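Undergrad: Residues per chain, in single letters:
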Amino acid sequence: MAKIISKQQAAALIPDGASVMFGGFMNCGGPKTVVEALIEAGRKDLTFICNDSGLPGIGVAKLIENKRVKKIIATHVGLNQETGRQINAGEIEYELIPQGTFVERIRAAGAGLGGVLTPTGVGTIVADGKEVHSFEGRSYLLERPLKADFAVIRGRRADPLGNISYRRATRNFNVAMATAAEVVIAEVEEIVEAGQIDPDQVMTPGIFVDYLVRA
Amino acid sequence: MNPKELIARRVAREFNDGDFVNLGIGIPTMVADYLPEGVSIFLHAENGFLGMGPAPAAGNEDWDIVNAGGQPSSILPGGASFDSLTSFGIIRGGHLKATVLGALEVDQEGNLANWMIPGKMVPGMGGAMDLVVGARQVIIAMEHTAKGRPKILKKCSLPLTAVKEADLIVTEMGVFDYRDGLTLIEIGPGVNLDDLKAVTPAEYKISPDLKTMAA
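Protein sequences appear in the order of chains R and C. For the first sequence, our numbering begins at 1 and goes up steadily by one. For the second sequence, our numbering begins at 1 and goes up steadily by one.
Just so you know, nobody snuck in bad clues.
Partial chain C-side listing against chain R, Cβ under 10 Å, derived:
| # | residue |
| --- | --- |
| 1 | Glu46 |
| 2 | Asn67 |
| 3 | Gly70 |
| 4 | Ser73 |
| 5 | Ile75 |
| 6 | Phe82 |
| 7 | Asp83 |
| 8 | Trp115 |
| 9 | Met129 |
| 10 | Asp130 |
| 11 | Leu131 |
| 12 | Lys164 |
For the record, the hints were derived by calculation from the structure and aren't laboratory data. Source: prediction; values computed, not measured. Idealized CB from N, CA, C, for every residue including glycine.
Just chain C, with the same shape it has in the complex:
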C-alpha cells in the first residue's frame, strides 16, 4: 500500500459515526475516502460550512461553494453554511472532535510547526493556528521524513504553529500519542524498531502494548 493511503486509512479509524472534523490539505483530505464501514463524519470547511461533500464533476462547479483550498466543493443534505465568525467560533470553542493536518516538524513536547520557513516560504498560517488550539484532538498526518530528513524532533526549529497541542502523530512508519509523554503505540507494517529510531530524533517511549498498523 502506498504510504499516504496507509496514513489516511489509519487516521480514519480514529473517528466515530457523526463526529465533526476538519481535514487539512494533502494526506488529511484523503482520510474521508477511507472511513470504516458504518462511519460517516461531518466535515467542517473553515471558510464557512459544515457537511462538506465531494468535489463536483467538471462542468458542475458551483463557485459559491469552495473548500478551504479555494477549489469547488459541495454541501451534503443536512449541511449548514455560516460566516467566518461562526466558523472560527466552532473551531476555537472546542466544538470540533478533531483537526487533521500535516506538519513540517513536530516535537516530543507536542509543539508543531507547519506554516513558515523563514526566508523561503511565508504563505501565512490561514486557519491552522486556530484549528490546533481549538479542536479537541489534533492529529498530525504526514510522511515520516521529508526526503530523508526527520520531522519528529526533540525540539522544533521552525516558527511554531502552536505549543503542546499535538495529540497523535500518524506516519507510514508508526503511530505516536502524547497521553503519557510521546509514546510509540503502533509500528508500520514491515518497519523494525531500529529503522524507526534512526529517522526519529525525538525521545519516545515504546508502548508495552505495541501493535502493528493495519495495512
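Excised from the complex, chain R in its bound form:
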C-alpha cells in the first residue's frame, strides 16, 4: 500500500541536502504541488535531478530561482536563464548529461544493472574519464547508474496501492524515476479505488511507490 499524505507531509519527508529526482519535461508531467510545498517548507541544498530546469516562474524552475539547489543534474537548462546565470557565476554545481543517457542511467539504478553501454557521446567531452568499449566496430561509453534519495513524480490517476496511469506526454521521466530512489512520492490528479485502473493501463506499478499526494 502507498500512504496517502498531504503536500506538507511530503515536504517534511525530504531533508535539506537530499538528492531528489523530479519527473517532468519542461513542467509537462512535473510535480508542481510537492515542489511548491518544498519551497514553502524552506528546503535547501538539494541535489536536483531533473531533465531540465523548466521555464521561468513555473514548477521546478522555482527551486532554482529561490536558490534551493546546490547541484543540478540535468540534460538541458537553456530555457531557464536563471540556471545559466547561476552556473556561469559558479553559484551552483552542475552536470549535464545527454537525455537518452540520463534516463538509461536512472533505469540502470532501478533495474539492478551496473551500468549501460551507449554510443551517445563517444568522441565528445561527455566521454571524458569514461571507459570506452568496442564491439563489432562500434564504440560505446560505460555509463554508471544514477539514483537518488527521493523521487518526486506526477501521474494522472493512482489507486491506494500506488498503481499509476499517466496521460499523453506526461509519462516521460516519471516512469524510470519511480524505480530509482529510496523513497518515491507520487502526486496525482486523482486517487481512485483499487480495481478502478485496469491492470493493462498501469504504467508505474505500485510496488515502486511509497507515498501519494493529491495534486
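With chain R fixed as given, assemble chain C onto it according to the hints.
TA: Only chain C this time, still in chain R's reference frame:
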C-alpha cells in the same frame, strides 16, 4: 524566397510518405510545412510521443502534450505516447528515418557542434547527442553563415555533439552530402561557385552532376 523557407523546402524533399522523423527547433520545425504533395510523415517528439500534430489554437492548449521545446502541441489520430526510455530507445535504436537539426559548426569529416559555446552558452545537449548518433540520416538544416561567419569548416572548433555523424547539409547556398567525402551536390538559386567557396572553408568536391536547388 526567404532563405529559411528555401532550406525547409529542400529538406522536405528528402522524405517519403510514412517516414518517422524528428525535427529540431527553428528551421527544422518549418520542414513539416513544406512536404511535397502526397507525402505525409510521422513526427517524433523526444519527450514522449509519435504523431505530433500542429500547435493548438490559443485557448485550446492541452498542457499534457507539449513539444520538445515545452510548447503546447497535439497528437494526431494514430499517434502514440510513451515514456522517455522508449522514446530514446526509438532514437538510439535506429528506428527514426532521419533527424533534422541546426548546427553552430559542421566540418568536412561530418563532425558537428551544436550544443555549447564555452564560457558563453551552456544550455546542455538535451536529446541532440542521442539523435545524431541514433537516427539513420542526420540532416543539418541551417543558414550558411552566422552573421557572415562561416559554419561549414575544415575542423569544428567548438565542443562536438558527435563524431562523423552528419549525412547531409542543407543551406540557402547549397546542399552537401558525405557519401564520397564532403561533396556539393546542389547550389542555391543565384549563387555562383566562387561566392560559395568564399564562405565555405571546408574542403569539398563538386559533383559532376551538380544541380540547382529548386526554389
